[in-house]
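K.L.:
Take a look at the letters that make up each chain.
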Amino acid sequence: MQMIQQLMLNGIIAGIIYGLVALGFTIIYRTAKFFHFAHGVVYAAGAYLTYTLFIFLELNPLISFFLSIVFAALLGVAIDRFVYFPLRKRKTSNLVFLLASFGVFIFLQNLLQLIFGAQIMTLRTGSVKEGHHFLGAVITDTQILIIISSLVLFFLCWLFIQKTKFGKAIRAVSDDPIGARVVGINSEKVIMIAFAIGSALAGAAGILISLETNIEPTMGMNAILKGIIASIIGGIGSIPGALFGGLFIGLAENLGIWKIQAGWKDAIAFVILILFLLLRPSGIMGVKTEKEKI
Amino acid sequence: MEYLIHILIISGIYIILTLSLNLIVGYTGLAALGHIAFACVGAYTSSLLALNFGISPWIGLISGAILASILGAVVAYPSLRLRGDYLALATFGLGVIVYSIAKNWVGLTRGPMGLPGIPSFSIFGYQISNVWSYLILVLVFVVITFIAIRNITSSPFGRILKGIREDEIASQAMGKNVNHHKIIVFVVGAFFAGIAGSLYAHYISFIDPSSFTIMESITVLLMVVFGGMGSLKGSFVGASALIILPELLRFLGMPNSVAAPLRQIIYGLLLVILMIWRPQGLMGKYKFK
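In order, the protein sequences belong to chains A and B.
To convert, note that position 274 of the first sequence is 269 in my numbering; the numbers rise steadily by one, no gaps.
To convert, note that position 29 of the second sequence is 70 in my numbering; the numbers rise steadily by one, no gaps.
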């Protein structure tokens, strides 16, 4: 019986990270209205910058985490400025954005590989400590840290979007871009803030996962795919939906390998996605109006 | 010299892939991202038939292409319901699922170990084993694909496809059966991609799942976009340019650990530049709106 509890715990850890990626993705999607695929490489860049600062330059861990998150936010804003902004000015279709985003993803991922090499690296410095026993599963200090800090980030984002003036502007632009402009909201500025926050979240997710597992240049691909799937399942644009979708995918993958081999994880996730796209495109917590666009 | 012929053969195989994807993406405007999955089905079908049952590669090639087009019909189904980037995501997912099957169904495909020793084609007892004769074989298929796709796109049927691309609702209003056309386009595109996969398998004589990753699908899509959406000449230029140019990196004497990511970096950069400055590609008439 212990097996299932451990798998559930693994599923929750994976799911909460997917949820964090989905959260950043969904905040960007709400304002900019396209699939920012390069979000995944921002996640990987966050992990690699932490590696450089913490292991290579031997900075204090908290300072390196902070700098990496700031860097991830800047990277996201830079991608928006230099790639998406010209496309937005030309009012092109979502598909052009998606392809450009693939281009950015491929470019940056291979840049990481060129700089750091294709081999896996680890942030772990000390010896592995034995975890705590909790409801029949073993949970380590790092995993507790991941769960708590992710939940705090989710809560802060929710507060930011629901309670602050900037959050209100983001919601306004996502509901009605033209109406928002009429009442004097600078939509470009709002999109920039959305990219900064979303990319900071991706960077944070990259750092958190690198505390738990190894890092490699291709780590962004899995993260963004699961992040997109999570946000669609949860209902694209919804913050609780991102968390819920992430946990759903994380648990489905990890409980799935109880009966099926681990190699099928990705296939399970995509089968779930395609079923959702065909049967319930608005997701579990999504707004119904999204359905018309699909 | 053999190396040069090898590059030409690979270019020819990619031209078939690019032409068939151009029919789906360029002419009909459907965002399909899993094209290499069809090649994967073609390659594995004809290799497994040849290795396990000793069936002639010719029959294998046809069966592979037919199986690929059945998969094409399955992929077409979501395209009837989804638009734009959601369709892109769904086809991307089907690409991942097919790759997963090739990698994880070890009992059938030997998984990551791959299938070695795939026999080559033979004609009237003459084994097509040297690169020259294989080049001729590939060129024959390139010509067949070109003629087939040109005939489709320049026929009244092709006009309806362009109609779907420009304005789906208007085409429907004109009484055209849009769903029917979309399915046929996927079936035909998948058929030729299956042929390309089979040609690849019997040429290299070894296949493993790593030849059919989702990055490969994006590369083929880049070839379509680079050459030009809805331009058959463009597909020739796009595919051969993107195969030949990265090979030049080899002559600069770079180790593979640098050349491989550098090739991808060039692809990525090219995709971004095209999207920003020239979304219709080199010779395309049609721009993504």
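By construction, these hints were calculated from the structure, which means they are not laboratory data.
Owing to the predicted nature of the structure, the values given are computational and were not obtained by experimental measurement.
We put the CB at the ideal spot given by N, CA and C, even for glycine.
Take the hints with a grain of salt, since some may be wrong.
To be verified - Simulated restraints on C-beta separations:
{"hint": "1", "chain 1": "A", "residue 1": "Leu54", "chain 2": "B", "residue 2": "Ile210", "range": "37 to 47 Å"}
{"hint": "2", "chain 1": "A", "residue 1": "Leu270", "chain 2": "B", "residue 2": "Ala114", "range": "15 to 25 Å"}
{"hint": "3", "chain 1": "B", "residue 1": "Gln168", "chain 2": "A", "residue 2": "Lys86", "range": "55 to 65 Å"}
As the list claims (entries may be wrong) - Pulled a few chain A residues facing chain B out of the computed Cβ check, cut under 8 Å:
{"hint": "4", "residue": "Val78"}
{"hint": "5", "residue": "Ser88"}
{"hint": "6", "residue": "Val91"}
{"hint": "7", "residue": "Ile101"}
{"hint": "8", "residue": "Met187"}
{"hint": "9", "residue": "Gln256"}
{"hint": "10", "residue": "Ala262"}
K.L.:
Just to be careful: measuring from the Cβ of Gln256 (chain A) to every Cβ in chain B, is the smallest value less than 8 Å?
P.N.:
Given a least distance of 6 Å, the restraint on Gln256 (chain A) holds.
K.L.:
Should the hint that Val78 (chain A) touches chain B count as held when the rule is a Cβ pair under 8 Å?
P.N.:
holds, 6 Å
K.L.:
Regarding Leu54 (chain A) and Ile210 (chain B), is the given constraint of 37 to 47 Å on their beta-carbon distance met?
P.N.:
violated, 58 Å
K.L.:
Can we keep the Ser88 (chain A) interface hint, with Cβ of chain B closer than 8 Å?
P.N.:
holds, 5 Å
K.L.:
Verify the interface restraint on Val91 (chain A): the C-beta must sit less than 8 Å from at least one C-beta of chain B.
P.N.:
Where the cut-off is 8 Å and the nearest Cβ of chain B is about 5 Å from Val91 (chain A), the hint holds.
K.L.:
Holds or violated: is there a CB of chain B closer than 8 Å to the CB of Ile101 (chain A)?
P.N.:
holds, 3 Å
K.L.:
Taking 55 to 65 Å as the stated bounds, is the beta-carbon spacing between Gln168 (chain B) and Lys86 (chain A) within them?
P.N.:
holds, 57 Å
K.L.:
So, Ala262 (chain A) near chain B? Judge it on the closest CB pair being under 8 Å.
P.N.:
holds, 4 Å
K.L.:
Using the nearest Cβ pair, does Met187 (chain A) come within less than 8 Å of chain B?
P.N.:
For Met187 (chain A), the interface hint is violated, since the closest Cβ of chain B sits about 18 Å away, which is over 8 Å.
K.L.:
Does the hinted range 15 to 25 Å hold for Leu270 (chain A) and Ala114 (chain B) at CB?
P.N.:
Holds, at about 19 Å.
When held up to the earlier numbered hints, the structure conflicts with 1 and 8 and fits the remainder.
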